[in-house]
Amino acid sequence: MRTAAVIGLVVGFGLLVQTTLFHALPFGVHPAPDILVVVCVFLGLHRHTVGGAVAAFVLGYLQDAVSGSAAGLNAFGMVVIYLLVYLTCRRLWVDNVLSKVVLVFLASCLKSIAVLAVSALFGAFDGEWGPTLSSMMVNAALAAAVAPLLFALMTGARLPEGRPAR
Amino acid sequence: MEFVRRNRILLTTGGLLLVSLLLYSVSIRSQPYRDPVGQVLLDTLAPFQAVFSLIGRGAGRVWSGYVDLVGARRDNQQLQERVAALESELLRLGELERENARLAELLAFRARLQGIAYGARVIARDPGPLSMTVTIDRGARDQIRRGMAVLAPQGVVGQIGDASHTAARVVLLTDHNSGIDAIVQRSRARGIVQGGMDGSCHMNYLSRDADVAVGDRVLTSGLDGIFPKGVLVGEVVEVSRRHRGLLQAAVVRPSVALDRLEEVLVVDATAQVVEPPA
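Protein sequences, first through last, are from chains A and B.
The numbering of the first sequence is our numbering, which starts it at 5 and goes up by one.
The numbering of the second sequence is our numbering, which starts it at 5 and goes up by one.
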């Protein structure tokens with residue numbers, strides 16, 4: 005319950021930060037760490053339950069609802085991340101900070117690619133892939149940068165429930 | 005059933021992926037589709053988003069202010085450097101203008117002279133209190149010889165006391181070793197202009213009955229074989245008849261500002277003034 009509360013707070017804070025704070029800063033470009041991806045990776049690492057998978061879907065759905073994109077797009081990306089992190093940590097030892105940071109970076113990139121691929125598949129994306137991917141790489145790097153802090157927050161609040169990470 | 009239990013996560017995620025794609029497909033094909041969850045979420049988050057936007061804009065303003073401040077400091081420094089450079093340039097141009105005026109005056113003076121004359125620049129001054137000399141940048145290699153007259157557009161400066169290969173020392177008319185044969189322009193009274201130990205200048209050896217008055221102009225006589233005739237030496241500022249005997253003396257103020265001398269003309273004994281001072 006405590007973990008759920010902390011995750012809820014992180015998700016709420018992440019949604020607010022992603023949609024407001026970073027866009028108000030006068031840096032010319034507006035990179036924003038995808039905090040919800042970090043949460044999704046956390047779920048993929050530590051919540052190997054049906055609830056964890058549904059939570060990943062809800063995260064994406066919330067992102068869709070807030071960001072104004074068509075519903076289901078980010079939900080698809082988040083479920084893809086959850087599934088791949090789940091499969092990865094069943095076969096690889098992902099327990100130290102560095103490996104988690106790398107995993108977040110890769111997951112963020114993967115989500116971007118998945119979202120773009122689905123958009124392109126449905127004919128909703130007709131822009132250039134290069135600039136879009138490069139800005140997504142920046143966002144992925146930022147997500148990886150904030151990942152240790154968020155992992156520490158969520159791990160500190162975690163009770164022994166579900167299957168532990170290997 | 006065991007299969008489902010063992011693969012529940014894979015089956016769940018697979019189902020969720022299908023639901024996502026279905027949802028996406030519906031939402032992009034049905035433009036009027038309104039997501040009820042999204043609307044509730046927007047209403048819920050709106051006040052928080054307003055606060056966060058306010059914080060973000062505040063942080064942005066602080067950042068912009070800092071960047072502007074850094075820019076202003078850099079601009080200020082650049083402008084200060086520019087002002088310093090321009091002031092230096094202005095000083096240099098002013099100096100060039102004054103030098104140009106002096107050289108033009110010297111050239112005009114040179115045109116009034118007939119004979120050999122060499123322009124020279126004063127490069128040093130005698131630091132001692134007892135002798136009044138300056139050094140010029142021309143010497144024996146430029147045909148400068150001991151005893152040649154040194155003039156300025158305003159009048160007599162002195163004579164060459166010593167000449168090395170590249171430079172020469174000029175004994176100013178205020179030096180106590182200097183002696184110039186001179187006449188009073190108005191009365192043609194004749195005497196010798198000599199320097200004093202204190203840097204003053206006197207016209208000595210004037211006969212007691214010579215007509216000399218304050219304000220009289222003193223010119224070179226040309227009889228010493230050094231200075232051309234008719235060059236202004238100075239102006240009488242005081243006449244002294246205290247001395248008993250046959251002679252009288254006058255204090256003469258040199259026409260040339262010897263302490264601010266920068267360019268001079270060195271002339272030989274054959275030179276003559278074509279147009280004497282009015």
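No lab work stands behind these hints, which were simulated from the structure alone.
The model shown is predicted, which means the values in this text are computed figures rather than measured ones.
Don't take each hint at face value.
Quick list of the computed label-pair ranges, beta carbon to beta carbon [stated by the list, open to error]: (1) Ala156/A to Leu90/B: 57 to 63 Å; (2) Arg61/B to Arg6/A: 42 to 48 Å; (3) Val62/A to Trp67/B: 51 to 57 Å; (4) Asp72/B to Val142/A: 46 to 52 Å.
Computed footprint of chain B on chain A, listed as stretches where at least three residues anywhere in the stretch have a Cβ under 8 Å from a Cβ of chain B [claimed, not checked]: (5) 14 to 21; (6) 53 to 59; (7) 63 to 70; (8) 74 to 81; (9) 85 to 91.
Incomplete in silico selection of chain B near chain A, CB under 8 Å [to be verified]: (10) Leu25; (11) Ser57; (12) Thr274; (13) Gln276; (14) Val278.
Just so it is clear, CB atoms sit at the ideal spot from N, CA and C, and this is done for glycine as well.
Evaluated hints:
Range check, Ala156/A to Leu90/B: Cβ separation about 59 Å, and the 57 to 63 Å hint holds. Between Arg61/B and Arg6/A the beta carbons are some 34 Å apart, a value that contradicts the proposed interval 42 to 48 Å. Between Val62/A and Trp67/B the CB atoms are about 35 Å apart, so this pair departs from the stated range of 51 to 57 Å. At about 25 Å, the beta-carbon gap between Asp72/B and Val142/A misses the expected band of 46 to 52 Å.
Proximity of the region 14 to 21 of chain A to chain B, defined as three or more residues with a beta carbon under 8 Å from a beta carbon of that chain, is established by the 4 residues found. Only when three residues or more bring their CB closer than 8 Å to a CB of chain B does the claim for the region 53 to 59 of chain A stand; here the count is 5, and the claim holds. A count of 6 residues in the region 63 to 70 of chain A with a Cβ less than 8 Å from any Cβ of chain B is obtained; the coverage claim is therefore met, three being the minimum. Counting residues of the region 74 to 81 of chain A whose CB lies closer than 8 Å to any CB of chain B gives 6, which reaches the minimum of 3, so the coverage claim holds.
Here the region 85 to 91 of chain A counts 3 residues with a CB under 8 Å from a CB of chain B, which clears the bar of 3, and the coverage holds. Satisfaction of the interface hint for Leu25/B is found here, the shortest Cβ-Cβ separation to chain A being roughly 6 Å, below the 8 Å cut-off. Annotation: Ser57/B was flagged as interfacial toward chain A, and the flag holds, the nearest CB pair being 4 Å apart, inside 8 Å. Annotation: interface hint on Thr274/B violated; nearest CB of chain A at approximately 82 Å, more than 8 Å.
The beta carbon of Gln276/B comes no nearer than 81 Å to any beta carbon in chain A, farther than 8 Å, and the hint placing it at the interface is violated. The criterion of a C-beta within 8 Å of any C-beta in chain A is not met by Val278/B, whose closest approach is roughly 78 Å, and the hint is violated.
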